[in-house]
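Please put together the full structure from these sequences, using the hints given.
There are 2 protein chains.
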Amino acid sequence: MAHFLDEKNSAETVIGRINDDECTPRFRQIMAGLINHLHDFIKEVELTQEEWEIAIDFLTRTGQKCTNERQEWILMSDTLGVSMLVDAINNRRPEHATQTTVLGPFHVVGAPELDMGTNISLDGKGESCHFTGRVLSTDGTPIANARIDVWSDNSDGYYDVQQPDIQPKWNNRGIFTTGADGAYNFRGIKPVSYPVPTDGPAGEMLNGMGRHPYRPAHTHVIVTAPGFQKLVTHIFDGEDPYILSDAVFGVKESLKAPFTKNDNNDCEWHCAFDFVLCPD
Amino acid sequence: MAHFLDEKNSAETVIGRINDDECTPRFRQIMAGLINHLHDFIKEVELTQEEWEIAIDFLTRTGQKCTNERQEWILMSDTLGVSMLVDAINNRRPEHATQTTVLGPFHVVGAPELDMGTNISLDGKGESCHFTGRVLSTDGTPIANARIDVWSDNSDGYYDVQQPDIQPKWNNRGIFTTGADGAYNFRGIKPVSYPVPTDGPAGEMLNGMGRHPYRPAHTHVIVTAPGFQKLVTHIFDGEDPYILSDAVFGVKESLKAPFTKNDNNDCEWHCAFDFVLCPD
Chain C
10 MAHFLDEKNS AETVIGRIND DECTPRFRQI MAGLINHLHD FIKEVELTQE EWEIAIDFLT
70 RTGQKCTNER QEWILMSDTL GVSMLVDAIN NRRPEHATQT TVLGPFHVVG APELDMGTNI
130 SLDGKGESCH FTGRVLSTDG TPIANARIDV WSDNSDGYYD VQQPDIQPKW NNRGIFTTGA
190 DGAYNFRGIK PVSYPVPTDG PAGEMLNGMG RHPYRPAHTH VIVTAPGFQK LVTHIFDGED
250 PYILSDAVFG VKESLKAPFT KNDNNDCEWH CAFDFVLCPD
Chain Z
10 MAHFLDEKNS AETVIGRIND DECTPRFRQI MAGLINHLHD FIKEVELTQE EWEIAIDFLT
70 RTGQKCTNER QEWILMSDTL GVSMLVDAIN NRRPEHATQT TVLGPFHVVG APELDMGTNI
130 SLDGKGESCH FTGRVLSTDG TPIANARIDV WSDNSDGYYD VQQPDIQPKW NNRGIFTTGA
190 DGAYNFRGIK PVSYPVPTDG PAGEMLNGMG RHPYRPAHTH VIVTAPGFQK LVTHIFDGED
250 PYILSDAVFG VKESLKAPFT KNDNNDCEWH CAFDFVLCPD
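Chains C and Z, in that order, are what the protein sequence lines are.
In this text, residue positions in the first sequence follow my numbering: the first is 10, and each later residue adds one.
In this text, residue positions in the second sequence follow my numbering: the first is 10, and each later residue adds one.
Check each hint, because a few of them may be wrong.
Note that identical chains are pooled: a pair holds if it fits in a single copy or bridges any two copies.
[Said to hold, decoys possible] Cross-link-like lysine-lysine pairs, in silico, DSSO-like; alpha carbons within 30 Å at most:
(1) K199 / K17
(2) K52 / K239
(3) K17 / K270
(4) K17 / K52
(5) K178 / K52
(6) K270 / K52
(7) K265 / K52
(8) K17 / K265
(9) K17 / K239
(10) K134 / K199
(11) K199 / K270
(12) K134 / K265
(13) K178 / K270
(14) K134 / K17
Don't read these hints as lab results, they were simulated from the structure.
This is the structure in structure tokens:
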């Protein structure tokens, strides 16, 4: 093993310093992979000293932009497709099961437990929508006692927690529990598209790549049921103009829902979507 | 091109979003390289959701550890061998020219311009050393009007700027300018090894890999001369116990200097080292 780092041996020299007696095998694997790819990347692009300085400043500012309400590193991970890749690796499910997507930063634990049919839109804004469907096992059996935790932005494109002084608490949030038939329904709004925050380093990066910051309209859902794998996903508006270019790469073909004009009841729209869970 | 990201197409899907009309070719090259290697790394190690969360927290804290006096991201770059790799890529010099190494965070512009032979150790601590040598061109010609900007830690292992209330200002710093013979000499101390800061994320990383944080003893030098490439380097104590395991990978074989017991003058040690500069 080389003692002194040069252009050729750099990654192997750094990895060679890992002391296996004091490093877990998993940490060794992660660090070796990281060091190899990091050095390969820098050699491949022949990073200049000035670019390195810009990178140090960028990385520093990304951490410093983070607060209790803002996680710029998650946004960086999201906009680079890393969050969705990690989600994919850790949630390999059969094709006919409902696919997962990113949790996002706006889930809040402890939303109200509501009766089926309740309207979760508390600010009276937006186009009303009736959501209906069933929670099923991959073999088609309805799942009883499934908890469906839903949340979405309001018609201005903001979640309640982003506007605590403007929106009612728990606006567009609620939890519904299925009965023996596995069916659910609730009222809310047809969600709208919105931009991820662009006033930090992730925004600079998107701008530098000529990318827009918008997410297509979606309603978030977490479905849990005893004996089944937790499902964290979105229902997307399949007609949204950003459906093919989600800034965080969260869309999957199977998560595009039809939002249809509704003639049956008090809501302007109807969205039918079944959740298919995998047994544990 | 795929519209929706999956495990197989993830890097190409993210790269596919770059808009070449609004992205410089160089930024495209850097981002495409980064995205490819980042996704390959995550797939290779099959990063878990929990590890991703640890990584987000680690990256966040690294930026938040940075202040005007502390640059944790540079320390991260240094301890992962990235700083030395970038230095190597950007300073390809002939073997017989003096090789470069990292600048480090403790250089201060504006050190005193001193007469040859002056003692730069102002705190009276440590083992005295007489530094001598010449500044030469790669063809062996002595270089006149070469400025040699030197700095080192004191015998407690701290630079003056780290201990503004304890050390005299400009302790172990000075600038010397060569005459027609290219020769230099000054008095100072035999430098001592010291640890990089370990009370932040870089320290956690070193510890996790079972690596020590020490740098072998060294004196920093920047040599500049009209018509020659700037030389940023260290003179290392070749006998230092950490010479083969510098925490920041800064050592090169040709930068190991002999520190010999001195019988010629008032100093305990003698260090002879010539600087060989490349023409512009």
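Against the structure, the hints:
no. : hint        : result
1   : K199 / K17  : neither (56 Å within a copy, 32 Å between copies)
2   : K52 / K239  : between (42 Å within a copy, 22 Å between copies)
3   : K17 / K270  : neither (63 Å within a copy, 36 Å between copies)
4   : K17 / K52   : both (9 Å within a copy, 25 Å between copies)
5   : K178 / K52  : neither (51 Å within a copy, 40 Å between copies)
6   : K270 / K52  : neither (55 Å within a copy, 42 Å between copies)
7   : K265 / K52  : between (41 Å within a copy, 26 Å between copies)
8   : K17 / K265  : between (48 Å within a copy, 21 Å between copies)
9   : K17 / K239  : between (46 Å within a copy, 23 Å between copies)
10  : K134 / K199 : within (10 Å within a copy, 74 Å between copies)
11  : K199 / K270 : within (11 Å within a copy, 82 Å between copies)
12  : K134 / K265 : within (23 Å within a copy, 72 Å between copies)
13  : K178 / K270 : within (29 Å within a copy, 76 Å between copies)
14  : K134 / K17  : neither (61 Å within a copy, 41 Å between copies)
Violated hints for the displayed structure, listed by number in ascending order: 1, 3, 5, 6, 14.
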